[in-house]
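Enquirer: Chains A and B, in that order, give the protein sequences.
The first sequence begins at 1 in this note's numbering and counts up by one.
The second sequence begins at 1 in this note's numbering and counts up by one.
I should point out that these hints are in silico values taken from the structure, not numbers from a laboratory.
Just to be clear, a hint being listed does not mean it is correct.
A partial selection of chain B residues facing chain A, derived with a Cβ cut-off under 7 Å [said to hold, decoys possible]:
hint, residue
1, F37
2, Q41
3, S157
4, T252
We treat Cβ as the ideally placed atom computed from N, Cα and C, and that holds for glycine.
Residue strings, one per chain:
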Amino acid sequence: MKRFAVGMGALAVAMTGLLTANAADDNTIKIGALATLEGAFTVLGEDGMRGVEMALQEVNYTVAGKKIELLKGSSDASPDSAIRATRKLVERDGVKVMVGPLSGSEGLAVRDYAKTQPNVTFINGTSGAQDTTLRDSAPNFFRFSTDGAQMMAGLGEYVYNVKGYKKLAVVAEDYSFPYTQVFGMLEPFCRLGGKAPAKARFWVPIGNKDYSSIIAALPDDVDAIFVALGGSDAINFLTQYEQAGGDLPLVGGSITVDQTVLSAKGRTRKFIIGVPSAGPLADTWDDPRWKKFVADYKKAFPKGFPSPSLFAQFYYINTKALLLALEQVGGDVSDGGVKLRAALSKLEFDTPTGKVRLDERRNGIANNFVTEVAVGPDGNLINKTVKVIENVNQTLGVPYEEFLKYGPVSRTNPVCE
Amino acid sequence: MSDASSKLMDQLHTQVGVKHAALGITLLIYPLVASDFFTFQIGGYSLILGTIALSLMMLVGYGGIVSLAQLSVAGLAGYLVAILGENTSGVHGFGWPWWVVVPTAIAAATFFSGIIGAVAARTDGIYTIMITLAISVVFFYFTRQNYEIFNGFTGFSGIKPPVIFGVDLIAPVPFYYLCLAVAASCYFAVLYGKRSTFGLAFQGVRDNARRMEALGFSPFLHRVFAHVLAGVVAGMAGVLLVWFGGRISPGTVGINVTIDILVIAVVGGIIHPIGPFVGALVFVLLETFAIDFIVPERFNTLIGLVFLTIIFFSPNGLVGIWDRICESITPNKKGEGV
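Whole structure, please, built from the sequences with the hints as guidance.
Expert: Written out as structure tokens, the structure reads:
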């Protein structure tokens, strides 16, 4: 009985803690940050949070004289969990500005939710589905990062012209971000005359563990495999393909051979040296802004990756944009964020990877990098810079109306037979 | 006449009881004191998850059938609401009126549950778990990979509950009362069903199927019919679930969520139909707030530890703890749950 009394007492204390609302304080600004701290993308989400913390540390957790309180939320990359976590941060904790989410379909869901909360300002994390901003965008959802197709800019041409691959097989996860990546890669590649037939495209669920059936079904008559997988999915595929004795050259998506995968241990290391890829960053870019960012990252997070991943970078950029805009409006969001959103829309600023500004649908226009995996000076694998594509916009240089005619991204867009 | 009415009062008293009245009043006035977030996100969601777990509890508690497919049944109803009703995903969304969509969805869920019952009813114990788990896994992967009907990974979004008699059901308070009404009717139906002829025979099948068969009862048909009833409960909860989230995708019916439902039922306690609701409330509170109590990277560990502790100290879950408290307060009277 005594034991129960103690237990019930503890429960009662916990409940009181839950039900007492956090006292609102005029001199603090609450910022909500949502990333995948569970599931297949955990490692990615953790690096995203590092990016948020870096941006906040730079300003010592104060903006316009107000103290910043960071509230974290976690999802498992499913849209449902992203919405639950966002709702909790917005409706219960009362944040007026949100950074996140991480993954493509989560972004679409949060954008839909944003429309029901017009007084809250949402800033993307890394989610890169095209339609989050291209079609049916929300006036209070901003993305200072780029979408999955922008992140592929330059790769299609490079693979076709320089590498000389004319026919590709595709292995990608079955949701909006890889669709966008495959579209961004294949659109120029097929325009040049490359082929990627529908029957050589393999779509796997997030968190897939066993790739043996796909590896067995890969056709022989292709020049290379375009792999657009992320996190543990990428590692599982690469390990199993290497063990199965696969010998086709690989082309990587933006998160397939980035630091979240390159820092993994094991024999895959040798296997992926030389793999071309494209993304919003290149580990070896010799620009001072990028070098400073890498040095700061390493100093702040000795246990992080050897070099920041695109998740740290994008969460950093988006948080930084928020802080700059908050500074401009004196940290005032009492008007439902109207001034803040006006400031965000006009914002143009220097990031570790160059200048970023927004288009009229609040999507980032930024530099993109074509890279190749190489061994770094201290033995770590890194992405070395092949080419920098400057100021890539969401419609890839084509006018908006014309770009819409390409149709929404999907398993079969572009056709490319 | 007065005799009859006093008899009715008497019956009402024994059937409903003081504890139920107190609990009912608490639940009815809850939205008046709670914020919108606590009404909708905590209250409504707990009642929905509790109702799904109730459909599992009635099978486990009275029939010894551990069915892991109850979430799939609820999910099918939810998907049908999205497909037959309206959604903003641009796929399907036939736009049928809600009074056609909802009964159709619940009927289909009931039928689906009956089929699952027919497949699983000749097995018991771990084999039932295996079969229903397989069905649940198949349903999850099918929804994730099928684009023609279920729209794959993305699923459906923009699903809204109807406006009935000028009441917009998506508003927190009306939605809460809708969930409460559904949950309460399911709860009392289960309590009634437990004492009905069928309920008694079903519990007989649980305790000794062979003897019941010798007495002329068909264990197979009893189990299938119990699945059908559980399908109605899960189907109704599924409709509420899709209205609650405004969206449904394979993540809604994933394996981890299936396990969550089992955890809710077990942690709450499978000896009484109030158990799943208590379990759901604790689960939702933990899932929502654990991240505030511990480093964000480790909050799932905290959730797991709390559940382990509950089960370790009370195999009958939270309802079991309540029973033991009642017993220790009134040592002569046997505790009867709520």
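Enquirer: All hints, please: hold or fail.
Expert: Taking the hints in turn, this is what the structure says about them:
1. For the restraint placing B:F37 at the interface with chain A, the shortest Cβ-Cβ distance is roughly 4 Å, inside the 7 Å limit, so the hint holds.
2. Because the beta carbon of B:Q41 sits about 6 Å from the nearest beta carbon in chain A, less than 7 Å, this interface hint is met.
3. The restraint placing B:S157 at the interface with chain A holds, with a minimum CB-CB distance near 6 Å, inside the 7 Å limit.
4. Against a cut-off of 7 Å between C-beta atoms, the interface hint on B:T252 holds, since the closest Cβ of chain A lies about 5 Å away.
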